[in-house]
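S.K.: Let's have the full structure, built from the sequences with the hints guiding it.
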Amino acid sequence: MNGPLRWLLATVSQLHEETAGVKTISFDVPGWRGHMAGQHVDIRLTAEDGYVAQRSYSLASPAGTDPRIQLTVERVDDGEVSPFLLDELRVGDSIELRGPIGGYFTWSPGTAGPLMLIAGGSGIAPLMSMLRTRALASSRATARLLYSSRSERHIIYRGELDRLRRARDGFVLTHTLTREVPDGWTGERGRIGRPMLMQRGFAPRERPHVFVCGPTPFVDAIADHLVAIGHEESSIRTERFGPTGESK
Amino acid sequence: MIEDIVPLDGNAAAGRLGQFFTFDVTLATITCGHCAFEGPLAELRLYGRDAAIVLRCRHCDAVNIRMLEAGTSVNLDLSGTARITTSAAS
Amino acid sequence: MHITREFKGKARPDAATRDRLPPGQFVTSDFPILTAGPTQRTGLNDWTLSVQLGGKLLARWDWKEFAALPQTEMKTDIHCVTKWSKLDTRWRGVTIDDLLQAAGLAESPAGFVMAHCDGGYSTNYTIADLIDRRAMVATHYEDSPLPASHGGPARMLVPHLYFWKSAKWVRRLAFKEQNVPGFWESLGYHLRGDPWREQRYSGDE
Numbered sequence: 001m002n003g004p005l006r007w008l009l010a011t012v013s014q015l016h017e018e019t020a021g022v023k024t025i026s027f028d029v030p031g032w033r034g035h036m037a038g039q040h041v042d043i044r045l046t047a048e049d050g051y052v053a054q055r056s057y058s059l060a061s062p063a064g065t066d067p068r069i070q071l072t073v074e075r076v077d078d079g080e081v082s083p084f085l086l087d088e089l090r091v092g093d094s095i096e097l098r099g100p101i102g103g104y105f106t107w108s109p110g111t112a113g114p115l116m117l118i119a120g121g122s123g124i125a126p127l128m129s130m131l132r133t134r135a136l137a138s139s140r141a142t143a144r145l146l147y148s149s150r151s152e153r154h155i156i157y158r159g160e161l162d163r164l165r166r167a168r169d170g171f172v173l174t175h176t177l178t179r180e181v182p183d184g185w186t187g188e189r190g191r192i193g194r195p196m197l198m199q200r201g202f203a204p205r206e207r208p209h210v211f212v213c214g215p216t217p218f219v220d221a222i223a224d225h226l227v228a229i230g231h232e233e234s235s236i237r238t239e240r241f242g243p244t245g246e247s248k
Numbered sequence: 001m002i003e004d005i006v007p008l009d010g011n012a013a014a015g016r017l018g019q020f021f022t023f024d025v026t027l028a029t030i031t032c033g034h035c036a037f038e039g040p041l042a043e044l045r046l047y048g049r050d051a052a053i054v055l056r057c058r059h060c061d062a063v064n065i066r067m068l069e070a071g072t073s074v075n076l077d078l079s080g081t082a083r084i085t086t087s088a089a090s
Numbered sequence: 001m002h003i004t005r006e007f008k009g010k011a012r013p014d015a016a017t018r019d020r021l022p023p024g025q026f027v028t029s030d031f032p033i034l035t036a037g038p039t040q041r042t043g044l045n046d047w048t049l050s051v052q053l054g055g056k057l058l059a060r061w062d063w064k065e066f067a068a069l070p071q072t073e074m075k076t077d078i079h080c081v082t083k084w085s086k087l088d089t090r091w092r093g094v095t096i097d098d099l100l101q102a103a104g105l106a107e108s109p110a111g112f113v114m115a116h117c118d119g120g121y122s123t124n125y126t127i128a129d130l131i132d133r134r135a136m137v138a139t140h141y142e143d144s145p146l147p148a149s150h151g152g153p154a155r156m157l158v159p160h161l162y163f164w165k166s167a168k169w170v171r172r173l174a175f176k177e178q179n180v181p182g183f184w185e186s187l188g189y190h191l192r193g194d195p196w197r198e199q200r201y202s203g204d205e
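Chains as they are written, first to last, in our numbering: chain A, 1 to 248; chain B, 1 to 90; chain C, 1 to 205.
No lab work stands behind these hints, which were simulated from the structure alone.
Glycine included, C-beta positions come from ideal geometry on N, C-alpha and C.
Only true hints are included.
FRET-style restraints, in silico, Cβ to Cβ: (1) A:E206 with C:L191: 53 to 61 Å; (2) A:V181 with C:G24: 45 to 53 Å; (3) C:R197 with B:F21: 32 to 40 Å; (4) B:R83 with A:A112: 28 to 36 Å; (5) C:L53 with B:C35: 30 to 38 Å; (6) A:S235 with B:C35: 21 to 29 Å.
Pairs of lysine to aspartate or glutamate, DMTMM-like flavour, derived with a Cα cap of 25 Å: (7) C:K8 with A:D93; (8) C:K83 with B:E3; (9) C:K83 with A:D87; (10) C:K8 with A:D77; (11) C:K83 with C:D14; (12) C:K86 with B:D4; (13) C:K86 with B:E3; (14) C:K86 with C:D194; (15) C:K86 with C:D19; (16) C:K86 with C:E142; (17) C:K75 with B:E3; (18) C:K83 with C:D30; (19) C:K64 with C:D97; (20) C:K83 with A:E88; (21) C:K8 with A:D87; (22) C:K64 with C:E142; (23) C:K86 with C:D132; (24) C:K83 with B:D50; (25) C:K86 with C:E6; (26) C:K86 with C:E198; (27) C:K8 with B:D50; (28) C:K8 with A:E17; (29) C:K83 with B:D77; (30) C:K86 with A:E48; (31) C:K83 with A:D77; (32) C:K86 with A:D78; (33) C:K64 with C:D118; (34) C:K86 with C:D143; (35) C:K8 with B:E69; (36) C:K75 with C:E198; (37) C:K176 with C:E205; (38) C:K176 with C:D118; (39) C:K86 with B:D50; (40) C:K64 with C:D98.
M.R.: Okay, here's the thing in structure tokens:
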């Protein structure tokens, strides 16, 4: 993973709508050197008039050397890049991509200890890579995900998360909805706070590896709560996205 | 109108900063030159935009690292960092 | 570099607009930003603006005194070094000419000025770039007092230069005998920053 990263040409192989404002884009990337769960890439778009835009997106696909990778992109209103990726990009198009980046926010199946994942909105993407990696490795590490979404229809990867939960391999899933809660909802409601972290997460004495990802205010608040309820700062890894997920 | 500035963190600058380092920059420990707070570079507060990066101490907000992709050169300013620590190569 | 099919970024100007854009710029209706740190919030009761030469204080105004100085309105285009330009922005404030006069200075005591701002930001100018109604200390944008996120209570407005020179949260103008680089200039942005000569970086002519 050392040494400078080159810009690679990534070709779109599939576009999948996850929710109304969110798509997963699959790319074939010849020369991909492989990645760990939690890492991200920079992408670069160049217009004909020379205008260049560069953004960072987390890898949603599981760890490994498969040159087909996936990014999950959420629409930023009036954004420069996400509307293009969601509305204009076609199968067969190519963009420039550089990665994998970042060893700080990573988890590997060989890691001992429970895995505690806390996601806000599109912050679920790198944590999904961790859960997919865990499933593929048939890892015995117990894992808990607290996933905060605005409403049911905003939940990304809902079906796959339900399948992972039904596998009964030590993975516990908690959804919370912060804006619209439907009748008959059996999950949590409201923002993630200390009670929910204590009831639905691992206790500090279980010494979990904690990963928090989402918009900056969400991550900052959760990190403060975690420390306040006794988790070691060094066991908490954070990654902050832009207001609705686009990382600049 | 513009909204309040909400910073990202060092993770988002890692790709660009990687031009200067042979090791994983997100894992480096940064000692703040102003208050001596130590923490991962990944947790520094990221201001700036794209090619103009400002990374500030999470504890005291002092500027620790600045980087600019300035056309034909790339400039790195570490004057606000007292120390960078990374694991010895294995 | 690989051209991405159909990628256009945000806005593409019509011909009339293009004439108003310096080289390499694109037009936006959003406010272009280039941040260096968190939003500064100084209350009006605590706010002062000082003018100094070396260690000597030449003048200082509190908010009430400053608001009583002659007001000027300016409508102008602004050009950010990030390549985004916003057209027809309206501001109100005190021109640097009026500020110097209020400070009792018939002419500038030195050739260069450094603006110092809350939060530690700084930027440098030649005095020629500040006088003759080219620049002001602005307190209002589009008829409303500048919010903190916009640089309020007061910011520099020097629209004929790249917008990083229009420093937010200005508190002190220090006259200098030399053109000392400010925050972005010392990192590699151009010492002067004329968008019409595309002076973005320190190597540029």
